[in-house]
Every structure is written in structure tokens, then in C-alpha cells.
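Peer 1: Sequence:
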Amino acid sequence: MEKGGMRTMSTRLFAPAAPMTLYPHEQECAQFIRKRFPDRLPAYFRHVERARTTMLQRTVAALLREDVFGLYSHSYNLQVIGSVYLTNWHGLTPEWEPVVRQLPAAHLQEGIMYKLFPVAPGQCLLIPIHGESAFRQCDVGEEIIWVRNGIQTVQDAVSLLSVLAPCIKAAGEEHAWAQLAKELENGTANLALAYWHFEETCRMMRTEADDLFAYIEQRRSDPSFCPTLFFEQLCIEGHHLHPSAKTKLPMSAEDVFAYSAEFGGRPQLQIVAVRRNLCEFHFDGYEDPNTFLLDHFPALRGLVAERFRQANKRLEDYVLVPVHPWQYEHIIPDTYREELRDGRLWLIEGATIPAQATASFRTVLAKEAPLYIKTAVHSQMTSTVRSISPQSANNGAAYSRLFRTIMERENILSGLFLPVCEIGGCSFRSEDPKKARNLSVIYREGMDRFIGEGEVAIAGTSLYAPSPFSGQPIIVEIIEAYGRGCGQPSSHEAALSFLHEYAAIAVRGFLTLLVKYGIGLEGHLQNTIPVFRQGKPVKLLFRDWGGIRLYRPRLERQGLEIDVRPESITVTDDLREAQNKVFYTVFQNQLGEIIRHISRRWGIAEEQGWACVRRQCDAVFAELAKDPSLTLAVDEDREALYRPFVDHKALTKMRLQPEAKTYCFVSVPNPLAISR
Numbered sequence: 000m001e002k003g004g005m006r007t008m009s010t011r012l013f014a015p016a017a018p019m020t021l022y023p024h025e026q027e028c029a030q031f032i033r034k035r036f037p038d039r040l041p042a043y044f045r046h047v048e049r050a051r052t053t054m055l056q057r058t059v060a061a062l063l064r065e066d067v068f069g070l071y072s073h074s075y076n077l078q079v080i081g082s083v084y085l086t087n088w089h090g091l092t093p094e095w096e097p098v099v100r101q102l103p104a105a106h107l108q109e110g111i112m113y114k115l116f117p118v119a120p121g122q123c124l125l126i127p128i129h130g131e132s133a134f135r136q137c138d139v140g141e142e143i144i145w146v147r148n149g150i151q152t153v154q155d156a157v158s159l160l161s162v163l164a165p166c167i168k169a170a171g172e173e174h175a176w177a178q179l180a181k182e183l184e185n186g187t188a189n190l191a192l193a194y195w196h197f198e199e200t201c202r203m204m205r206t207e208a209d210d211l212f213a214y215i216e217q218r219r220s221d222p223s224f225c226p227t228l229f230f231e232q233l234c235i236e237g238h239h240l241h242p243s244a245k246t247k248l249p250m251s252a253e254d255v256f257a258y259s260a261e262f263g264g265r266p267q268l269q270i271v272a273v274r275r276n277l278c279e280f281h282f283d284g285y286e287d288p289n290t291f292l293l294d295h296f297p298a299l300r301g302l303v304a305e306r307f308r309q310a311n312k313r314l315e316d317y318v319l320v321p322v323h324p325w326q327y328e329h330i331i332p333d334t335y336r337e338e339l340r341d342g343r344l345w346l347i348e349g350a351t352i353p354a355q356a357t358a359s360f361r362t363v364l365a366k367e368a369p370l371y372i373k374t375a376v377h378s379q380m381t382s383t384v385r386s387i388s389p390q391s392a393n394n395g396a397a398y399s400r401l402f403r404t405i406m407e408r409e410n411i412l413s414g415l416f417l418p419v420c421e422i423g424g425c426s427f428r429s430e431d432p433k434k435a436r437n438l439s440v441i442y443r444e445g446m447d448r449f450i451g452e453g454e455v456a457i458a459g460t461s462l463y464a465p466s467p468f469s470g471q472p473i474i475v476e477i478i479e480a481y482g483r484g485c486g487q488p489s490s491h492e493a494a495l496s497f498l499h500e501y502a503a504i505a506v507r508g509f510l511t512l513l514v515k516y517g518i519g520l521e522g523h524l525q526n527t528i529p530v531f532r533q534g535k536p537v538k539l540l541f542r543d544w545g546g547i548r549l550y551r552p553r554l555e556r557q558g559l560e561i562d563v564r565p566e567s568i569t570v571t572d573d574l575r576e577a578q579n580k581v582f583y584t585v586f587q588n589q590l591g592e593i594i595r596h597i598s599r600r601w602g603i604a605e606e607q608g609w610a611c612v613r614r615q616c617d618a619v620f621a622e623l624a625k626d627p628s629l630t631l632a633v634d635e636d637r638e639a640l641y642r643p644f645v646d647h648k649a650l651t652k653m654r655l656q657p658e659a660k661t662y663c664f665v666s667v668p669n670p671l672a673i674s675r
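Residues 0 to 675 in numbering that gives the first Met the number 0 are what the sequence shown lists, from first letter to last.
Calculated from the structure, these hints are not laboratory results.
Fair warning: there could be bad hints in the mix.
Dumping the calculated DSS-like pairs for lysine-lysine here, alpha-carbon to alpha-carbon at most 27 Å [said to hold, decoys possible]:
no., residue 1, residue 2
1, 168, 652
2, 652, 433
3, 312, 434
With the hints as constraints, model all of the structure from the sequences given.
Peer 2: Below you can see the structure in the form of C-alpha cells.
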């Protein structure tokens, strides 16, 4: 965009040797590398090009999927066969003739379908589409062309928004799109940094083993090695559908490198003491949060006691809250200035908890205890600022008790579908929303106790990450291992058999909780941890209760209840909310991505994959319907799950409406409606 706030490309090169002009955030990353790893600076420039292409493709795919500006519904199909242009664009007017005459100069690839989108009179976008998956997920090609007084190739996501300036201006949304442009620029720079680091990671791993699972077995002898964490750290591209997946504003490149999982980040959590009357806390099995913390991290006892003695304060008057080091440095001093000044808040110097970064930036794995610690981080990442609401911090223990009660009843899920429980959490008492959300913490149990001999737990986000050895998505290597185990290496049959076994566990677990208890788990890939033995899916772990939608009437019909904090959005009287939560996160996000990769690798029609999932759904519904008290719930959910069109979470539109209090959805065709 020429005016109206869009960020423009810097006009100077970062250095004489630089082969391209960089955006400001890319310059910052390059400066960081020149300072820390000067011999590897040229490699960063290579990866900038790759990152720009990836982010551009993701942004275009998101705009098509959500039909922003009618990019999908108002586009025309265009295909080149020899010297002939085939199109369904029948309403050509004289003003478009100059555009048509320029098409031969675009050198469009024969056999590829292009979406031709009229941006404004006399200019259009040509988007190459290599295929379209379920839920309108388009496989966008690399070369996106802008026709306007000549042929130009769109170089990056920020440039794309400049091309769409007439649409943005017409919608009156310049400010929101300008902010999105900043996020895309920042995300592109961070993705290039991730690609740059991953290249060196691959080189080092390949000197130690010949393939991924051989590497895992070799490293198991190291007691400090955690396979689950290792796989999370391979997720270098972030959320597979969100164009702002790598955005971390306003973090510096140095902070991103120090604290992110893909760089092996090792944050040292700091400890803040909060006056007890200003802290709300709820735990399962512990009455006092300090007792919990010091029991799990006994090395803190002596130092904390000494700091309190020196300050002439009593520990029992305060609550100890772990804080992410970035938050400790950049947010706490200003946000809680008054409380720090009068002693209601106290920074305990030297008291730290060594930790390791996970794919969820704000959640870390403690090194000295089997414990995940979710901290508040006031940074823009994907669709939201990653602070933690008081409701999320204080409801976790109640949900964990509920899940344990349910699992004791549901023998059919025993050992197969397991909650990773939240033990407790704390938050700051304040009427100021920023204060209430930025000094929160949630403690979650570790996963080691769920993992048997010869098993490996792999966070769902890592399934589509590239293997450091083959470069293929990790899900492909898992399925190949599965195939070898059942005597069908790299075959169509093995891929479909794997999907059958995976879906049998996932569908049974998620649908049982929805139909019987009204619990809509947020079962997207980051919250789901499948466990494999030689590639075979053997169980599924689910975590993170902050995004749950619980339809209370169904829970009450089972004689259960839950006591949650007031204004908790996790409890609803709208069944559609609970259904949408499961249908989007489990079927569209999780199973849809697995089916897409199987289709790509083995050439299997996606319809076959969805037919497999549909059979699993039918089986679960039939089993649950044997209970007369569940007949209505089964009918309601079956009708909703199989309707011709389903709601798809519009991540980009949500980002453009940051003040909205509800999710934004678009309607997309449902593959389960026709799969039998």
C-alpha cells in the first residue's frame, strides 16, 4: 500500500554483500547474526527468500480459505493449454482488454489452474493453485503475478497487501491491515531465522545418525534428553494455517533466538513475590501455592528464605509466582510500577527456575521437575497477545478433577485417551485487565508417566514439521515406520491403515466427551500429543483447558458439575459452541492435516481418508446411541458433524478484529457430508 500506514521496504541494503533489500525486522535479524555468527550471515539471506515465499503462500491461502474480499468466490479460473487460455470469465468489458493482452507476457505454466482476481479496474492477481484440499485449503504455488501496466511477481506478504490496497481502502480497514502487515513482516524475519538455524541443526544431527528414529534411540541414553521436547523443537514453521504464526511483537531478534523452542531456548524463569491478598490461586492437592512450588523446586528454599530474611518480610504473607524472563524484563517493571514501589510486589533477585522452551512460547518444561509451567507473555503471537486470564489460571485444577472423574467412568478410553492435567495456577487480583492477565501462571503435569517402553510422544504440531534427515514431514516417516512394522513399507494400504488406527483413538475420545458430557475439547495439533510405538498409534494425550467449551446441560445430565471462576467463557449454554470447538480443532485442524499429508505423499484421494474418518464417527455414534439417555445428543451431534457446510475458524479475519469478543467463522464445504 502506498499510503495509509503500510510498512514499506527499506531502500538501503543491510551491507554491501547483501544480495537483496531487507525489511526492518529482517535487517534486525541480520544484524543479530552478524554480531553473534558472522560467518553464517550469507546463509540468512538465502533463507529470507524462502521465508518470504512461505509466508506469502500462507497469507494467500488464508485469504482464499476465508474468502477475504471475495478472493475465492469472486475469482475466475484460468488455465493455459498450448496457446489457448481457458477461463470462466465471461463478462469481459473493454477496460479489461489491456489486461488480457498482457497475459502472454506472464508466461503462465501450462496445466496449472490459476485464480484470476480483479483487484481494481485494469489490474488483477493471478494465483497458481496446485490443488485444493478439504475445507477450502488451497495449495498455492510460488509465483503470484500482479498484472497492472505490465507483469510483476509479488515478492512477499507485505507486497501482497500493497497490491490489495484498493480492496483494503474500499473496506475502510487500513489501520487493521497496516498492523497485519507489520506482523507479517516480523513473522517472515523470524521464520527466516528459524530456517537458518534449522539448516545447521540438520547438519549436526546427520553426523550422529542416519535417520530420525535412530537418532532418537541413540540419544535416549542421555538422561537429560526428552524426545517429546525434541520433537516440539522441530516445529520451525509454527501454526500451519495462520499467516502470523511466527509473529513475536515487540520482541527483538535476540530475545526470539534466546527463548524460542526452534532455537533450543533455555529460559530461566524469574520469581516474583506477590502480596497474598493480591493473588488468587486454586490447586488440586495443595492448599498453599508456595508449598507446591518449593516441594517441586527444593533448591529455591534456602535462597528464598534468605531473601525474605534480608528484606525483613514473611514468606507466608506472599505468593511466589514464576515469570517468563522476557515478561520479567519488559512488562513487569512498568505494568506493576505502583505495586513494586510500595512493596506489594517484590522481585526476588537470583531466584530462578531453569527451563526449556516448548512450541508454545509461553509454556516451558522445567529441567529439575516433571512439570510444564505456562507463563503470561504480553507479546503478539498469531491471533492474540499471550497473557493469561484469571479464569484460565484458576479453572485448571477444577477441570483436571472433572477429567479424572470422567476417565474413571469411561473404561473404553482407559489407557487410550488421556488428560495431561493442570495441577493449579495463580493470577493477580485487579480490576485493570492488563494487570489481571500479566502475572499469571499455570502448572501442568509432565508426560513421562504416560510413555511406556519403546514409545515416543510427538506433539501434533511436529507431525507436519520437516524431518532433519529426509526433509519429509515427520508424519510421513512415522507412517513409513508403521508400514515396516506391518510388512507394508511405504504403501497406500499402510497409510490408510495408519489413519484408521489414529482416527479410531481420536474420534472415540473427542466424540465421547462431547456427546456424553458436553465437553468440546480444543483438540488442535498443539494440544494433542499422539504416542507411537514403531509408528503405530497407541494412545492420545490431550492438554490445555483454556480453550474448552463445556455445554453445561449435558454434564449435569451425567450427574456432574464444575465450579469455575465467574465470567469463564469455557462454560456455555450454546451447544453450537461446544460442537464447533471439536469440529474445527479435531476434524479440520488435526485430522484434516494428517489426511492432506497422506494424500500428498501416497497419492491417495482425500475422499478415501475422509471416508475412513466417517466410518469411525459412525461407529462411535452407534455405540453411544445404545444408551437411550444419549439418543438426542447423538442425533444432535451427528446432524451437526455431517451437515453439508461447516464453520471454519477465520484466523485472518479474527486478527483484523482484535477487539472482537467472539470467534469469527466462515462457512466451508464439509467432506464428512459426502464420505461414506
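Peer 1: Given the proposed pairing of residue 168 with residue 652, does the C-alpha separation stay at or below 27 Å?
Peer 2: Roughly 16 Å between the alpha carbons, so the hint for residue 168 and residue 652 holds.
Peer 1: Residue 312 and residue 434 were given as a pair; does the straight-line alpha-carbon distance stay at or below 27 Å?
Peer 2: 23 Å, holds
Peer 1: With the threshold set at 27 Å, check whether the alpha-carbon distance from residue 652 to residue 433 stays at or below it.
Peer 2: Status holds; Cα separation ~24 Å.
In the structure shown, no violation is registered for any of the earlier numbered hints.
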